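There are 2 protein chains.
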Amino acid sequence: MYKKDIKVLDCTIRDGGLMNKWQFSKELVKSVYESCLAAGVDYMEIGYISSEDQFSRDEYGAWKFCSEADVREIVGENNTNMKLSVLADIGRISFDDIRPKSESLIDMFRVACYDHQIDKAIELAHHVIDKGYEATINLMAVSKVTERSLNEVLSDVGKSRVEIFYLVDSFGSMYSEDIQSLMKKYTEALPGKTIGFHGHNNMQLGFANTIECIIQGARMLDATMLGMGRGAGNCPLELLLSFLKNPKYKVKPVLQTIQDYINPLQKQIDWGYFMPYMVSGSLNEHPRAAMAWMDSDKKDDYVGFYEEIMDTREDLK
Amino acid sequence: MYKKDIKVLDCTIRDGGLMNKWQFSKELVKSVYESCLAAGVDYMEIGYISSEDQFSRDEYGAWKFCSEADVREIVGENNTNMKLSVLADIGRISFDDIRPKSESLIDMFRVACYDHQIDKAIELAHHVIDKGYEATINLMAVSKVTERSLNEVLSDVGKSRVEIFYLVDSFGSMYSEDIQSLMKKYTEALPGKTIGFHGHNNMQLGFANTIECIIQGARMLDATMLGMGRGAGNCPLELLLSFLKNPKYKVKPVLQTIQDYINPLQKQIDWGYFMPYMVSGSLNEHPRAAMAWMDSDKKDDYVGFYEEIMDTREDLK
Chain A
1 MYKKDIKVLD CTIRDGGLMN KWQFSKELVK SVYESCLAAG VDYMEIGYIS
51 SEDQFSRDEY GAWKFCSEAD VREIVGENNT NMKLSVLADI GRISFDDIRP
101 KSESLIDMFR VACYDHQIDK AIELAHHVID KGYEATINLM AVSKVTERSL
151 NEVLSDVGKS RVEIFYLVDS FGSMYSEDIQ SLMKKYTEAL PGKTIGFHGH
201 NNMQLGFANT IECIIQGARM LDATMLGMGR GAGNCPLELL LSFLKNPKYK
251 VKPVLQTIQD YINPLQKQID WGYFMPYMVS GSLNEHPRAA MAWMDSDKKD
301 DYVGFYEEIM DTREDLK
Chain B
1001 MYKKDIKVLD CTIRDGGLMN KWQFSKELVK SVYESCLAAG VDYMEIGYIS
1051 SEDQFSRDEY GAWKFCSEAD VREIVGENNT NMKLSVLADI GRISFDDIRP
1101 KSESLIDMFR VACYDHQIDK AIELAHHVID KGYEATINLM AVSKVTERSL
1151 NEVLSDVGKS RVEIFYLVDS FGSMYSEDIQ SLMKKYTEAL PGKTIGFHGH
1201 NNMQLGFANT IECIIQGARM LDATMLGMGR GAGNCPLELL LSFLKNPKYK
1251 VKPVLQTIQD YINPLQKQID WGYFMPYMVS GSLNEHPRAA MAWMDSDKKD
1301 DYVGFYEEIM DTREDLK
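Quick mapping for you: the protein sequence lines, in order, are chains A and B.
Everything in the first sequence is counted per our numbering, starting at 1 for the first residue and increasing by one.
Everything in the second sequence is counted per our numbering, starting at 1001 for the first residue and increasing by one.
Be a bit skeptical, because a hint or two may be false.
Claimed, not checked - Taking lysine-lysine pairs in the DSSO-like style, the calculated list, with each CA pair at most 30 Å apart, reads: (1) LYS1101/B x LYS1030/B; (2) LYS1144/B x LYS4/A; (3) LYS317/A x LYS1007/B; (4) LYS1083/B x LYS1252/B; (5) LYS184/A x LYS1185/B; (6) LYS193/A x LYS7/A; (7) LYS1299/B x LYS245/A; (8) LYS298/A x LYS144/A; (9) LYS1003/B x LYS144/A; (10) LYS317/A x LYS1245/B; (11) LYS317/A x LYS1185/B; (12) LYS1144/B x LYS252/A; (13) LYS1184/B x LYS1003/B; (14) LYS1248/B x LYS1030/B; (15) LYS1250/B x LYS144/A; (16) LYS1184/B x LYS3/A; (17) LYS250/A x LYS1299/B; (18) LYS267/A x LYS1298/B; (19) LYS3/A x LYS1144/B; (20) LYS298/A x LYS1026/B; (21) LYS1298/B x LYS250/A; (22) LYS299/A x LYS1144/B.
It should be emphasised that the hints constitute simulated quantities derived from the structure, not laboratory data.
Fair warning: this is a prediction, and the values are worked out from it, not measured in the lab.
Bound conformation, chain A alone (with noise of 0.2 Å):
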């Protein structure tokens, strides 16, 4: 499929560190930064952008932080035609602590919010517009998200100057028939702006519901190499250049990381498909149950998750 205004997001890094809280050497950064500029990526999206008094860099990796300092060392001044991005959650970054564009590596902030939030995410995002950057808006765990709001999100965000929405599965819980609505909608509530995807993939629907995106209209396409991400992990990137046909993609970088890198790191981090992610997936669930049971030692009883799972919901029983 040959659209020529797609633009691919890999945030292999950003997503990738939920599991190991951003603890990767710099080897591997370089490795993802290098390979994303030579397949053709658009975005590289390196790391969550917080101050540094939200989180302990005794616990978390630089790219909790994303300073300066530290996206410099990777990138160098990135003379490149690859942008980068970072992901800002409400109330983790202190205005005063953004500089202006001009003093930064960075290109674009994502902004993450619930539905709740949207008010302070379209604050935080004309902040970083007017500080010179580019900004989104990602609308996460729609899926749980009512009719009525989800309209009063869609307006607030069409009155806003943000060009980029994204439409997020959070929980890995949508289908394509969820996905061809959820388009439908977004479209139609903001003409004239870009829509952008952000899959999971307890379903090992993560590459299919971003196919389907595409189809109906979306153009920012996030993934991550070998699908690495939280829980389940993502859209696998190499799946995604595989199927895209502007011929400025190559997917051989990409297997080369995964290859020296990531492929070994999925030996001792486990994301992807396993049982528990699967049923929290298909039940519409946060990971967050399935990824304690994982960490535990019952990681290998499905069934023990299935009926913990299936207690707490009256609606299945």
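With chain A held as given, fit chain B onto it using these hints.
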């Protein structure tokens, strides 16, 4: 999605056995049978049917042959609502070795064929129908079949007494638009017949393509526990059962067998999402080269495999 005429066929033993020459313990096969029963699965495909002079029992396990005695040891008289099927490859079973249905526990023969074998496939299918069995024809490798040849196959099947015809994504190379196109072709060419779907999971699209097939009218759906099957494997049964809304389907018994038998087996046998299978699927290639690579000491050399397969593809240089 509640469509009460949907039938689910588990082929864990049959397709999974391609990875270990059907050397399963009786306890494992029994567990798959019992959990399929408890899960509401409509058909269980217990193996290939082959004449004893075609393969050695020293090399291959019981489910390469599916003798009545071996089947009986697992299912007893199978006085249940679940039917049993076997897969027949053209030329591997002598007509004389097929008993009348009245002397067999098997309910259905599925005949796998390439396009040039369609006459032989219909002959075998008619033979088993005349002996009292249900029959399907599963056309393999359709992603490499020309329009003219496919039209001839469909015309022949349309005139036959075979009631069930399978769309098979042998190479795991199909996207949703391929499914839509082929399902439209199959349903228009074969009014009144049932269309089935058997997918492979090279690009993590086995489940997504199964859903797309349901939307397009397919009513017999193949799946395997934890996706166990040749190479990248198949549509995972646990995902399909979680998706289908018919209350007769239960996922928990399948999770139990996965926990007890299939997950431990996956620690020994590499089926699933591996880069060589991803590459062969995305390039619409038979998985044999990827399977040979995965069986060698180069299995983690993804770039090496990519270069090898690209060297064979003049069209991609």
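Each hint, compared with the structure:
{"no.": "1", "hint": "LYS1101/B x LYS1030/B", "verdict": "holds (23 Å)"}
{"no.": "2", "hint": "LYS1144/B x LYS4/A", "verdict": "holds (28 Å)"}
{"no.": "3", "hint": "LYS317/A x LYS1007/B", "verdict": "holds (25 Å)"}
{"no.": "4", "hint": "LYS1083/B x LYS1252/B", "verdict": "holds (20 Å)"}
{"no.": "5", "hint": "LYS184/A x LYS1185/B", "verdict": "holds (28 Å)"}
{"no.": "6", "hint": "LYS193/A x LYS7/A", "verdict": "holds (14 Å)"}
{"no.": "7", "hint": "LYS1299/B x LYS245/A", "verdict": "holds (28 Å)"}
{"no.": "8", "hint": "LYS298/A x LYS144/A", "verdict": "holds (28 Å)"}
{"no.": "9", "hint": "LYS1003/B x LYS144/A", "verdict": "holds (26 Å)"}
{"no.": "10", "hint": "LYS317/A x LYS1245/B", "verdict": "holds (15 Å)"}
{"no.": "11", "hint": "LYS317/A x LYS1185/B", "verdict": "violated (42 Å)"}
{"no.": "12", "hint": "LYS1144/B x LYS252/A", "verdict": "holds (25 Å)"}
{"no.": "13", "hint": "LYS1184/B x LYS1003/B", "verdict": "holds (19 Å)"}
{"no.": "14", "hint": "LYS1248/B x LYS1030/B", "verdict": "holds (21 Å)"}
{"no.": "15", "hint": "LYS1250/B x LYS144/A", "verdict": "holds (24 Å)"}
{"no.": "16", "hint": "LYS1184/B x LYS3/A", "verdict": "holds (25 Å)"}
{"no.": "17", "hint": "LYS250/A x LYS1299/B", "verdict": "holds (21 Å)"}
{"no.": "18", "hint": "LYS267/A x LYS1298/B", "verdict": "holds (17 Å)"}
{"no.": "19", "hint": "LYS3/A x LYS1144/B", "verdict": "holds (26 Å)"}
{"no.": "20", "hint": "LYS298/A x LYS1026/B", "verdict": "holds (27 Å)"}
{"no.": "21", "hint": "LYS1298/B x LYS250/A", "verdict": "holds (22 Å)"}
{"no.": "22", "hint": "LYS299/A x LYS1144/B", "verdict": "violated (42 Å)"}
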